[in-house]
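> One-letter residues, chain by chain:
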Amino acid sequence: MTGWLDQLRQALGSEHVLTHPIALTAYAQDGYTLASGRPAAVVLPASSAEVQTVVQILAAADKAIVPRGAGTSLSGGAIADSNSVILHFSRMNQIHAIDWHNRVAEVDPGVVNQDISRALAPGGLFYAPDPSSQQACTIGGNFAENSGGPHCLKYGVTLNHILMADVVLPDGTTARLGNLAGEPDGPDWLGLLIGSEGTLGIATRLWLRALPIPPASRTFLALFDSVEEASRAVSDIIAAGVIPAAMEMMDKLAIHAVEQGAYPVGYPEDLEAVLLIELDGEPAVVDADRRVVHGILAARQVRALREAESLEERTLWWANRKTAFGAMGLISPRYYVQDGVIPRHVLPEALDTIGRIGERFRIRIANVFHAGDGNLHPLLLYNHQDPDEVARVKEAGSEILAYCIRVGGSISGEHGIGIEKLQEMAWQFAPQDLLAQRSVKQAFDPGGRFNPGKLLPTPGRCIDFRPVP
Amino acid sequence: MANWEDCVHCGLCLSACPTYQVTGLEMESPRGRLVLLNQWREQPEAHDVETRGWLDDCLDCRACESVCPSNIPTGHLVEAWRSQEAPEARPPRSLIQVLELLLGSPRGLAWFRRMARWSQTRWGDWMVRQTARWLPPGARSVKAGLPALHSRGLSRRRLDSDGTGSDIFFFVGCVMDALYSETNEHAADLLRLAGHRLTIPQGQRCCGAVHRHSGSPETARHWAEANIALFEQSGAEVVAVDAAGCGAALKEYASLFPPDSPWQERAQHFQNAVQDVVQLLADSLPPLSRQDANPVTVHDPCHHVHAQGIAKETRSLLGRAGYAVTEMRESTLCCGSAGIYNLTHPDKSQALLTRKLAQIPDDATYVAAANPGCLMHMQSGLSAQSHKQVVHPVDLAWQAYRDAGLCATRSVTS
Ligand SMILES: Cc1cc2nc3c(=O)[nH]c(=O)nc-3n(C[C@H](O)[C@H](O)[C@H](O)COP(=O)(O)OP(=O)(O)OC[C@H]3O[C@@H](n4cnc5c(N)ncnc54)[C@H](O)[C@@H]3O)c2cc1C
Ligand code: SF4
Ligand code: SF4
Chain L
652 MTGWLDQLRQ ALGSEHVLTH PIALTAYAQD GYTLASGRPA AVVLPASSAE
702 VQTVVQILAA ADKAIVPRGA GTSLSGGAIA DSNSVILHFS RMNQIHAIDW
752 HNRVAEVDPG VVNQDISRAL APGGLFYAPD PSSQQACTIG GNFAENSGGP
802 HCLKYGVTLN HILMADVVLP DGTTARLGNL AGEPDGPDWL GLLIGSEGTL
852 GIATRLWLRA LPIPPASRTF LALFDSVEEA SRAVSDIIAA GVIPAAMEMM
902 DKLAIHAVEQ GAYPVGYPED LEAVLLIELD GEPAVVDADR RVVHGILAAR
952 QVRALREAES LEERTLWWAN RKTAFGAMGL ISPRYYVQDG VIPRHVLPEA
1002 LDTIGRIGER FRIRIANVFH AGDGNLHPLL LYNHQDPDEV ARVKEAGSEI
1052 LAYCIRVGGS ISGEHGIGIE KLQEMAWQFA PQDLLAQRSV KQAFDPGGRF
1102 NPGKLLPTPG RCIDFRPVP
Chain P
17 MANWEDCVHC GLCLSACPTY QVTGLEMESP RGRLVLLNQW REQPEAHDVE
67 TRGWLDDCLD CRACESVCPS NIPTGHLVEA WRSQEAPEAR PPRSLIQVLE
117 LLLGSPRGLA WFRRMARWSQ TRWGDWMVRQ TARWLPPGAR SVKAGLPALH
167 SRGLSRRRLD SDGTGSDIFF FVGCVMDALY SETNEHAADL LRLAGHRLTI
217 PQGQRCCGAV HRHSGSPETA RHWAEANIAL FEQSGAEVVA VDAAGCGAAL
267 KEYASLFPPD SPWQERAQHF QNAVQDVVQL LADSLPPLSR QDANPVTVHD
317 PCHHVHAQGI AKETRSLLGR AGYAVTEMRE STLCCGSAGI YNLTHPDKSQ
367 ALLTRKLAQI PDDATYVAAA NPGCLMHMQS GLSAQSHKQV VHPVDLAWQA
417 YRDAGLCATR SVTS
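Order-wise, the sequence lines are chains L and P.
Counting in our numbering, the first sequence runs without a single skipped number right up to 1120 at its last residue.
Counting in our numbering, the second sequence runs without a single skipped number right up to 430 at its last residue.
Just to be clear, a hint being listed does not mean it is correct.
What the hints assert, rightly or not - In silico DMTMM-like cross-links for lysine to aspartate or glutamate, where the CA-CA straight-line distance does not exceed 20 Å:
id : chain 1 : residue 1 : chain 2 : residue 2
1  : P       : Lys328    : L       : Glu963
2  : P       : Lys364    : P       : Asp72
3  : P       : Lys364    : L       : Glu960
4  : P       : Lys328    : L       : Glu960
In short, the hints are calculated from the structure, not lab data.
Bound conformation, chain L alone (with noise of 0.2 Å):
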């Protein structure tokens, strides 16, 4: 019999197997710049029937599999190991047909996230989950990570717009779930899968729910000159019972970040926080929560108060909240970015933790966030040559998710456990808990083949990822 790689190769064609060392070399990582692992090979599929080819093919030679869109992760979840074979989607990107009545946008998992709003909007339709990654991540990147985004505040997360998937499981067979009145008869497998980190199943297309781009929107800034004051503005909002489209914080060492890149808005230099807000809907429903708003921002003692004038300023607006993450690397060679959730009314006493947390180990720490849904994205800012301050951003970044759980939130928001927060899952969950998620695993997946070493803290096992540097 001829060996996986040879099977691999008739398969798909040998262009689109990869095994050159460098080429390898090229995808051992992904957002996540704390771990790297060279796969044994990548190879290219171009439809399901040859995802579900390369899938038997794999588990016949006991080769595990990790599937990768963009490889925007940011816990290391399109890592590999060398005993895994990475399956790129780059060139499944097609969508397949948009269902103006039904509003259904059928897509390849390989289809860029941003690139599904731009074919809906000349029906007047967006699709909703909107990671800041959306010009570059994938749809199958989002239905793994159960992806959210700034205007998930409203609209909520990848869960609840994907009503349809077909995808192949780790024995090589395919499946159908959900359907597309998206109410689920049975068991919600979809739910399931969503979410599960490539770990259950792999996406090869999905079916979206594409909803009518609301009649008005209105986009402002909140310019702060205290973030506790900023925070309490946030939950004063939500608490008067306005839900705005998205609400996003961003404090000074973010600030000054951004606009030393490629968006920059022309913030002041003094500034201690801003919010980004946008509400949207029908036209007299805006007015009434914009004036609901801006009386609340004035008695937090608001800086100044800024409104988009028009589609390009806006526009700017969110370019400049979207590219935070990468103008990290303007200030700092390299960050470490986290996603803890809490309760939204400890978010002015979980920055002031956060900023200790960060002087004791001597880690700079700047913060951008969700503020809407309490979701922190604390960037904690390192140099990878010096092994000292990675061990040490490792601990305060272990130390900011404990103290998530101690004031009863979560250690992800939206990017997922990946390899990157195992050890936490333990902190976060009983013994019990693990155990019923494991025996989940156990029955999709009994060889270990799909995405091992991730989501899951498997006792006894050891994986190969090796750390940065």
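With chain L's structure known, arrange chain P with the ligands on it following the hints.
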């Protein structure tokens, strides 16, 4: 300037990169190329044909640079790699020498124009068809994309300077001067209509972009010195240029010289004075209102939008001239021309061209593209289904102002 080490691996550049779009390979993405550059430096065993190929496929289009939140100059870094570390990846020396002869002086350019024109005569066309089998595919498509050439000469010979007190040094370029001389004349007319006075030094040289991209910076530097000196003598305040590629190169003149070179400050002064004609005209021509204008779509050349941040201006110029602009999708994605990429990488170049042409809206009659490489390359793909035309936005604007009686047609023979 940031370096490959500063890349934080966010991946935001992937979807902007044309070579990643057409290959789907991480090695052909900006982020992947930075990993490859690192490997190249650290591991001599990385110096093989495959790795060199993935790096060398880079178009220098700079799309990655305009989206990178960490300001990593990936396109520039690959260019530097090409000239310093991978002489094998450069185009063949013979090609560079030919280009040097043809583009380097007004005499060479006049020759170039005559050859191109000859290829359009009945005999020339016959010859080209007979020898097509032996011509590289890129060269055949260049021939197919050539504008219709009349018997007039280089634009610099046909343009008069306005004498003392001119505020603008009009940079005629090389390919623009030879093959798009009408466009240069139109640009001059419109600049004058907007109230400028022009000087056109006859000794000006090619901007040097092609040589620089292909790893021959010495030639580029030599020509830059000549242009800088002429600009200083001219007393003008602005260097006006109507080719996106030349504009981008002229705006980077200072980086051609070492920091301690006596030319550094002069080059800085020069590059700060450079402005694209589209920028100069965007808001300064009288607005026309026309009902009958054919719809136009805009292709944003990489060296406009990514290297110089010019995009809005093209639309406002066309809008002022009375055209209705319908946007094409992916207007900022490289068309595959990329300097001499269409000669050196015919397959990838064609793949990008096909993708680009598919995005032209059905109702657009004209595609405006402010760069000779894009004009030729895109026209070469269109020639068969001829009702659409790729035209420089300056030409479109000029036609509108001529129809309005504000510019006069020139005689064809000089
Ligand atoms: C600058 C930046 C900003 C970000 N902002 C946000 C944000 O606002 N909100 C947010 O939620 N996330 C954010 N992220 C994280 C990341 O972009 C998301 O997790 C995204 O969904 C990953 O998509 P991807 O295509 O890059 O997937 P990858 O990184 O390639 O993979 C992610 C995971 O999905 C699995 N996977 C990929 N494709 C499939 C498939 N077809 N079937 C099954 N499993 C698959 C992989 O194995 C991996 O475990 C951000 C990342 C960056 C770098
Ligand atoms: S310059 Fe263009 S082709 Fe080269 S890496 Fe950047 S985006 Fe890709
Ligand atoms: S956008 Fe910039 S920082 Fe991000 S991966 Fe690309 S080159 Fe690196």
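> Each hint needs a verdict: does it hold in this structure or not?
Do the hints match the structure? See the list:
no.	hint	verdict
1	P:Lys328 x L:Glu963	holds, 11 Å
2	P:Lys364 x P:Asp72	holds, 12 Å
3	P:Lys364 x L:Glu960	violated, 42 Å
4	P:Lys328 x L:Glu960	holds, 17 Å
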